[in-house]
Structure formats: structure tokens, C-alpha cells
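Colleague: If you want the building blocks of each chain, they are given just below.
Protein chains: 2
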Amino acid sequence: MVHNGIEYGIMQLIAEVYDILRRGAGATPDELHRIFDEWNRAELNSYLVEITAAIFAYSDPDTGRPLVDLILDEAEQKGTGKWTSQNALDLGVPTHTVNAAVEGRIISALKDERLAAERVFKGPDSALHGDREALLGQVRSALYASILTAYAQGMALMQAASREYYYDLDIEAIARIWRGGCIIRAGLLEDIRQVYRAKPDLPNMLLADVFRSAIEKRQAAWRSVLQAAVGAGIPVPGMAASLAYFDAYRSGRLPANLTQAQRDYFGSHTYRRIDKDGVFHTEWQS
Amino acid sequence: MVHNGIEYGIMQLIAEVYDILRRGAGATPDELHRIFDEWNRAELNSYLVEITAAIFAYSDPDTGRPLVDLILDEAEQKGTGKWTSQNALDLGVPTHTVNAAVEGRIISALKDERLAAERVFKGPDSALHGDREALLGQVRSALYASILTAYAQGMALMQAASREYYYDLDIEAIARIWRGGCIIRAGLLEDIRQVYRAKPDLPNMLLADVFRSAIEKRQAAWRSVLQAAVGAGIPVPGMAASLAYFDAYRSGRLPANLTQAQRDYFGSHTYRRIDKDGVFHTEWQS
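From first to last, the protein sequence lines stand for chains A and B.
Okay, so the first sequence: first residue is 1 according to the working numbering, each after it adds one.
Okay, so the second sequence: first residue is 1 according to the working numbering, each after it adds one.
Derived by calculation from the structure, the hints in this document are not laboratory data.
Take these hints with a grain of salt, some might be off.
Claimed, not checked - Pairwise CB distance ranges (calculated):
(1) A:Gly137 x B:Ala127: 48 to 56 Å
(2) A:Pro61 x B:Asp170: 48 to 56 Å
(3) B:Gly79 x A:Asp275: 24 to 32 Å
(4) A:Glu164 x B:Met1: 21 to 29 Å
(5) A:Tyr165 x B:Val279: 36 to 44 Å
(6) A:Pro200 x B:Pro200: 17 to 25 Å
(7) A:Asp131 x B:Asp112: 21 to 29 Å
What the hints assert, rightly or not - In silico DSS-like pairs for lysine-lysine, Cα to Cα no more than 27 Å straight-line:
(8) B:Lys217 x A:Lys122
(9) A:Lys78 x A:Lys111
(10) B:Lys111 x A:Lys217
Said to hold, decoys possible - Here are a few chain A residues that face chain B, going by a calculated C-beta distance under 10 Å:
(11) Asp73
(12) Gly92
(13) Gly104
(14) Ser108
(15) Lys122
(16) Pro200
(17) Asn204
(18) Ala220
(19) Ala221
(20) Pro237
(21) Tyr245
(22) Phe246
(23) Arg253
The C-beta atom is built at its ideal place from N, Cα and C for all residues, glycine as well.
Assemble the whole structure, with the sequences as input and the hints as a guide.
Modeller: What follows is the structure, given as C-alpha cells:
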């Protein structure tokens, strides 16, 4: 199930990249085929990137048009991504990217509503101007960094489930098995395997040097792509959730102190302090 | 329960605005008190904005320091936001903002991990430069637009639940009751009430003129704030999810056609087409 949650995340991220390149940069299926094919030969090497390249090359025998252009944009689901999200919520493990992917499928299914809404709302110009090659490099970095967070969330979820339910999971072995053959098989699973072999109880794989440096190197490009998509009105819930996960995880201080104050204000839910132990309640209105 | 889901969303959005103004713009609790107090006197008038203003004004009797600064940033939850997310997933209703809020609380609880990660990862300079007054205006617009999407998701969820379970809910009456007194009571609930009185089966409240124009007017500011936060490394999962919801909802064509092609490629899950009726499967590798 966690495998499928990660799979949902990666598929959503690839779809967003497709949307950025198609809507934003006007790439044709033929160009997209070459782009994904090139990406599949390097750090993004994976089954899902490989079949994406193949899909863009496929012509509909009846019309001669790229088949992908003729497929209805309503994503279906069999529930495994949803179950991952629901279970992660119960276990208290953040899976921002997986959730965003499930939401992405849900909102895609509202095709009639979306068609009606498109006629109602004005949005910004969706064209991304600027150098095409530079954009491609940035998008590639953004995709890789976002995919790393999807794996990180899935691995952390399995660790938490293992602790909670005494599964005694061998995360290294799982990475090895996935590497051997499954829908999310990818070159980077070899790095993941090595990371968990060296440190089976690492709280988050992004903390390992290999991924820390991979993500830091891509940070600026990742932020730029997201900013460009936000400006152009191209929805990137998965990529945004991935970056928010990264930025929240590396924030020693989050604004949740305000949330706790609000909860104590309206519901006397109490709070803890940073300067002394104990549980406190304040009569805020006095 | 849906009330609480919306409440989670709004609280997360307010927390993110607090983080932008504090981390990004260096606002003190005293300044934040004045900002939220001013906002509460106009379109953002609501109980949650009102108590936020009051919280920033409260000094800890023991230390004389603003109490909010001394509260631990680990948000707790009693499960109602989570249940909203889980039920919305089951009903197939997109609730991006609510989910992001639940995730925001979950990741805040990983305090020790976050403190450790902060020492490991380098991020961008979190300072937001530029005109303070202009930023405040933009943030105010971004908060209002994001809050609109949180209500829109909650209202649509209740409509879907009403259809699915034959609840025969009177959405106008619910808006009126919430308006009368509850944690999410707000001036804008009067507009929501009027919208559903005029059109009880409106698929999404954002389609009503009053909200369409409110959100369109704030669109540019909303995007700018998000871009600034993304650039400064300040996590804004709720605001990003709200905008992604809006941008996806107003997209007649989403990239879910690629997702369907992938699902058919690796799992023969079939797809539908835009140019003819029926359900299709392709032997992509032939």
C-alpha cells in the first residue's frame, strides 16, 4: 500500500511537469517524448519516467494523432493511494505529497464542473516566457527533488508503521525488492537501499548526505519552477506539497505555537511552553 | 465535523500568515496585534482573527514577555480535522486546504526531528525585502482568498454528503447557524448564506458573483505572497493547497490524461477518450 502511495505521488508530480511543459512552455508530445527519454537516461531513470516517454511517442492508429491528447483527463483510482493517506493520518506521519496526489485525482474527476468553472474565472496568462533550455533544467531538478520527498514520506511511514504494529520491517530489503521490479522501480532506490543499510533507524532519508546534497543543489531551481507555475496559474499541488514538506521539516520553529494558543483560547485545550515543563492554560480574556 | 475541518484550514492559514510576517518581515507580537486587529474590522472580520489579535497582545505574567513566543510549537489535535479529510477522501470531494492543515499539525509534532533537520539543511534567506505596507496588503488578500477556498471545500463536502447519505441538508441554514455563533463565525458567512439561499444547489460557492469577483481581485496578490514565501523557504502548505485547488478547479483540461495513460500502460486499467464514447485499452508496447 505504501508503494502505491509513493506511486501516486510520483505520477502526480510527472503530470504536473507535463502540464508545466505543455501549457506553460507549449511542448508537443514529440518534444515531451524526447525530454522524458533523456531524463530516463540519468538521475531520473525509472519505470514511470520510461513509460511516460513511451506514451508521448504513441500515435492513435485511427486518427494518427498522439494518443495522449485524446485521453479524457479524469484520473481514476482504486483506493490504494487514499488508504495510504488515511493510514498516514492515523499514524501521524506527514505524507504531504501522497495526499496532494490523491486530491489531484479527486479534482480531476470533476470534469464537468471544471469545464464550467473555466468559463467563469479569469486567470493569468499561462505561458512561461524565458529560455526553454533553462526551464527544462529547472523542471528536471524540481521533479527529482519532489520525487525524493515522496520516497522520504513513504519510507518514514513504513518505519512508523513498523514501530506501531511491531512489523519489524527491514527498510533496506524493501528498497532492494522495489528496486528489483515494481512500478516505482528507479535508479535512486539503490541509494535509498544503501542509506538504510548504513543507518536502519534514520528518521528521514533526506538527512543522509547523498540526499541532503541532492536536494540542496536543486533547491533554487525547485523554488523557481514552483514560483513560475504559481504565477502562470498552472496547478502544482504535488510539487507545492513536496516543497512545503521540506521547508516545514527543516524549520526548527513553526508557527504552531499560535495554533496552540488559539486552541487554548477557544477550547481550554492547554499548551506547553519552551521555557518550562508542564501543561498550562491561560484565561486569555481576563 | 465539517465545521472543524474548515476551522483547521483557517487556523493553518492564519499560522502561515503569522510565519510570513514574523520570520519573513520581522513583525513583533505588538505589531501583529495591531495588524490582526485592523483586519478584524473589515472583510476578515471573524472570531479566529479576533482572538489571534488578542493573543498577540497578551503578556506572560511571569516573564513580561509576549506569551505566544513562549508556547511550544507542537500543534495537537483531537481528530476532527483528520476525520474531515478521511471522509472527504471517501466521498471524493477535494479538500486540499483542510488536508494541508491536518498535515501542518502532524509535521509540527515532529519537534525533535525538526530541530535536528534545521541543523542539517541549508535554506534560503527567510527575510522578505520590499515595502512592508505593500506586503501587508498582499498578505491580507492572500489570507482572504485562501479562507474562501476553505469554506468552499467544506460547503461542497456537505452538499456531497447530503446527496450520498440523503441528509437533505439546508446549506443556507447551516451558514446562518455558523454565523450566529461558533469558532468559524465570520462576516463572510452572511455572503455564503445569501449565495446558497439564491442557489441551494450551486456546485461551488466560488462560482457565485460575490466570491468570484472577491477572489479574482485578490489573485495577483495571492500568487505574489505564495511566490515570496516559496522563495524565502517559509512553508505555506495551506495557502499553496488553496491556490492549487482554485487553479485546478478552473482548469477545463488537467494533465490527468497522462495519469490515465500510465495506469493503462502498467495495469491495463483502461481509459476514456475525448473524441468518442466507450472504454479503451491500448497495447502501448506493441
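Colleague: Taking the hints in turn, state whether each one holds.
Modeller: Status of the hints after comparison with the structure:
1. A:Gly137 x B:Ala127: 48 to 56 Å: violated (27 Å)
2. A:Pro61 x B:Asp170: 48 to 56 Å: holds (53 Å)
3. B:Gly79 x A:Asp275: 24 to 32 Å: holds (29 Å)
4. A:Glu164 x B:Met1: 21 to 29 Å: At roughly 25 Å between Cβ atoms, methionine 1 of chain B and glutamate 164 of chain A fall inside 21 to 29 Å, so the hint holds.
5. A:Tyr165 x B:Val279: 36 to 44 Å: holds (38 Å)
6. A:Pro200 x B:Pro200: 17 to 25 Å: violated (56 Å)
7. A:Asp131 x B:Asp112: 21 to 29 Å: violated (43 Å)
8. B:Lys217 x A:Lys122: Distance ~10 Å between lysine 217 of chain B and lysine 122 of chain A Cα, so the pair holds.
9. A:Lys78 x A:Lys111: Satisfied, since the Cα-Cα distance of roughly 18 Å is no more than 27 Å.
10. B:Lys111 x A:Lys217: This hinted pair holds, its Cα atoms lying about 25 Å apart.
11. Asp73: The hint holds - aspartate 73 of chain A has a Cβ within 10 Å of chain B, the shortest such distance being about 4 Å.
12. Gly92: With a closest approach of 5 Å, the glycine 92 of chain A hint holds.
13. Gly104: Hint on glycine 104 of chain A: holds, closest Cβ of chain B at ~7 Å, below 10 Å.
14. Ser108: holds (4 Å)
15. Lys122: holds (6 Å)
16. Pro200: violated (16 Å)
17. Asn204: holds (7 Å)
18. Ala220: Status holds, d = 8 Å.
19. Ala221: Violated, because the Cβ-Cβ distance from alanine 221 of chain A to chain B comes to roughly 12 Å (cut-off 10 Å).
20. Pro237: Holds: closest Cβ of chain B sits about 4 Å from proline 237 of chain A, inside 10 Å.
21. Tyr245: holds (7 Å)
22. Phe246: Where the cut-off is 10 Å and the nearest Cβ of chain B is about 8 Å from phenylalanine 246 of chain A, the hint holds.
23. Arg253: holds (6 Å)
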